[in-house]
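**Student:** Each chain, letter by letter, is given below.
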Amino acid sequence: MSANLALIAVVGILVAAGVTLVLERSLTRILIGFVLIGNGLNALFLVVSGPAGAAPILGITDEPMSDPLPQAMALTAIVILLGTTAFGLALAYRAWQLTGTDDVQDDLEDDLIRRRAERDLASATFDDGDDTQLPDEAYEGSDQ
Amino acid sequence: MIDTLLNQLVLAPVILPLLGTGLCLAFGRLAAAQRLISIIILSLSVAAAATLLFRADKYGPQSFNVGGWPADIGISLVADRFSALLLLTSSIVTLCVLMYSIGQGIVEFGRDTPLSVFYPTFLVLNAGVSNAFLSADLFNLFVGFEVLLASSFVLITLGGTEARVRSGTIYIVISLVSSALFLISVAAVYAATGTVNFAQLAQRIPELNPDVALLLQLLLLVTFSVKAAVFPLSAWLPDSYPTAPAPVTAVFAGLLTKVGVYAILRTQTLLFPGDQAKTLLLWAAILTMVIGILGAIAQSDIKRVLSFTLVSHIGFMLFGIAIGSELAIAGAIFYIVHHITVQTTLFLVAGLVEFRSGTTNLDLLGGLARHAPLLALMFFVPAMNLAGIPPFSGFLAKLAILQGGAADGTPLAFAAVVAAIATSLLTLYAMAKIWNRAFWQPLGEYEADTPVPLAPESAGGSLYGGSGVSTMTQRETSWTEASEDARLPLRMALPTVALGAVMLSLTLLAGPMFQLCERAAVELSDPTSYIQAVLGNA
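Protein chains in written order, with this note's numbering: chain Y, 1 to 144; chain B, 1 to 538.
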């Protein structure tokens, strides 16, 4: 199978740009990243379907036809990406409504456990018979 | 006539819930109608899945080509013993969780909810899971995943509170990454073989250059490992699951990761037989088991402990798949069925604890064994089952996998056996910790007014409300109120008990069940009948 080099380069650039955006904190940028990745992958399906030919409709022409199956898959993927992006944008808007930013926040509970570890504190559920410092100290400063 | 109808039965578990979704949306403003439709549709799904399992066990894999297109270019659905068994389990679990959420009674019209979305979305989730279990081609599997993911996005952010938006965002981003990986895998598979049909792939992949085949195998493994929450791709799960409403978390924990495990098992046995990935899978299994359970021990919230044990126990299934002998595969299948029921039951019980006490934080719970002995029993039995205490089904499933591992005899397999036993003991420790803190220890050791960080629901267990912070004082009022009018609502407790009964029936009927799993494993290790079923009627 001979592949189209230009198309492959397009796939590479779109996906690389998308991955860079996905690594951001802001949900809107992440979503734009996924749109880029999605478009890159749809182009990948064009690479996969082999050399372009005539429209895949029987009885129109005798020339070799394009492979219709990857096109059907790309079409499905486009629809799915559309729906997911719409939902993601709604979610980003909701996050902005609630917190004034659409940055993905850290997990509070993870943070608590990490802080306990840093201070070398036992878990609040560790039964050492000495409850004087728990759990107030562990929660201190975390009620953001 | 009857025969044609029965042949099309494979379609029912996918098409029925979608039909139900349409009906639910049409009756969007009649809560009672929505409830009735959902119950009828899911009951029919259970019946269809049971019939499918019976027929698949008796007559071999059942298949259906959607729209009459031949299998190699169209979509075909196949139910062999393995698919049908998981389908039946998932339908039963979904039905129980549906009854539970109806019992919770607050899913219909919350504040600011013009149209009830819970039931339609729940049915779509069911359709997606069924489609993934039945799909006989890679792209339809992708579509099944997307359908269940899209509905799970809605369910995990239900009500749009701050905590849920935060955890939902993580879940959605991870899901999108795995979807992108899945698309790349599909494209690569199609480029290498010219088909996405499982049966044709099973014939063509052995003819490929082994390096190309290995690349495809690893791509698919990574994709499904994200969905199944296999370490090191598991960090998203304990972050995102616990904040959702109790029934949602329960059904996610029971089903969604298992769909990933199903996909791994299906592709490993059908497309990539042999042990090219065995070492990798064994290491992944060991690390998933051990690191997952160590995470569970560090947590101080029931739902989070359960989420980490969920990750940990995915390792057991992976262990069975990695060994790949018929015994180990049978053990893995039994373990999947066992784990779906147990994990869902435990999350439903956690929901009851939250409903009863207003929190699942272990620092604030206590004395439940005295105040709610029934609830304590409902927690204790599945918890011991999860830890694998004889004679429960968890013990039997683990035993089969461990025997498979020991029979394999390689040092790494023995290391995995040791890791599995250690994980079981640590699971017991984690469960004992919940038991001691929440059920045995008397209430009220800590001072009042401690802000509790993770309490998305208010005391009523509201699906839509919840300030995100509850205090001891609030909780104590709700406690006294609770002890007066008090009891667990029967409508929530009954579905939990019913699911617990299903779980226990796995123990009571372990003999026939395990024989069925063995037959399913035999079928998986010899894909001829599967290929025949897909391509035979092309």
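Since the hints were derived computationally from the structure, they do not count as laboratory data.
Note that CB positions come from ideal geometry on N, CA and C, so glycine has one too.
It is possible that some hints are incorrect.
Computed far set for chain B versus chain Y, every beta-carbon distance over 10 Å [what the hints assert, rightly or not]:
hint, residue
1, Ala33
2, Arg55
3, Lys58
4, Gly168
5, Ser179
Only some residues are given here: those of chain Y computed to face chain B with a beta carbon under 8 Å [claimed, not checked]:
hint, residue
6, Ser26
7, Ile30
8, Ala95
**Student:** A separate judgement is required for each hint: does it hold in the structure or not?
**Tutor:** Cross-check of the supplied hints:
{"no.": "1", "hint": "Ala33", "in the structure": "holds, 26 Å"}
{"no.": "2", "hint": "Arg55", "in the structure": "holds, 30 Å"}
{"no.": "3", "hint": "Lys58", "in the structure": "holds, 35 Å"}
{"no.": "4", "hint": "Gly168", "in the structure": "violated, 6 Å"}
{"no.": "5", "hint": "Ser179", "in the structure": "violated, 8 Å"}
{"no.": "6", "hint": "Ser26", "in the structure": "violated, 11 Å"}
{"no.": "7", "hint": "Ile30", "in the structure": "holds, 6 Å"}
{"no.": "8", "hint": "Ala95", "in the structure": "holds, 5 Å"}
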